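Take the sequence shown: its letters are residues 1 to 160, numbered as in our numbering.
One or more hints might be untrue.
To be verified - Here are the simulated DSBU-like pairs of lysine-lysine, each with C-alpha atoms no more than 35 Å apart in a straight line: (1) K136 with K87; (2) K105 with K140; (3) K133 with K105.
Hints in this document: simulated from the structure, not taken from any laboratory. Bear in mind that the values here come from a model prediction, so they are computed numbers and not experimental data.
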Amino acid sequence: DMGGKRSLAVWIDPRSSLRPETSYAVGVSARSRKGATVGMLDDEESRPEPAADSGKDTPPPPSTSVLGLTLAPLTDELRSRYGFDAKINGVIVTEIDPASQAATKNIRPGDVITEAQQDPVREIKDVEAAIEKVKKAGGKSVLLLVEDAKGDTRFVAVPL
């Protein structure tokens, strides 16, 4: 049961580290109850518009890629989807470039970054500012405090 005519299209940017003719594992959360289309865009192609959806889903929050992590504001919808309560603040990891340093550090989609360089994170720009601060100081990695939905926290040093 796919829950009606709702679907999710995933289009991979050709500038990513993913390559055609190569196998990759792709997952779709069963909780989303949506179908999925995965495809590669040609360099000249623009991202296709998703199919019209008559459901009441809100558009995804704006996201930004940092250190190979796609980060998004921790909205109520994302809190519910990943199992976080209202007490936690930070930005949520929604995707990870499998070839990035962050992927080798066991950061996973659904993890929340609550601190960067031991400063609280409330917005994506807080993570970006911490990275710039490290770069200006000549540092080689940024220290992140990451929490998962089980409440487990850990410090992770991600090379720049």
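**Asked** Do the alpha carbons of K105 and K140 lie within 35 Å of each other, as the hint requires?
**Response** Holds, at roughly 15 Å.
**Item:** 35 Å limit on alpha-carbon distance, applied to hinted pair K133 and K105
**Value:** Holds, at about 21 Å.
**Message:** Need the status of pair K136, K87: alpha-carbon distance at most 35 Å?
**Reply:** holds, 33 Å
Figure legend: structure checked against the earlier numbered hints; every hint is met.
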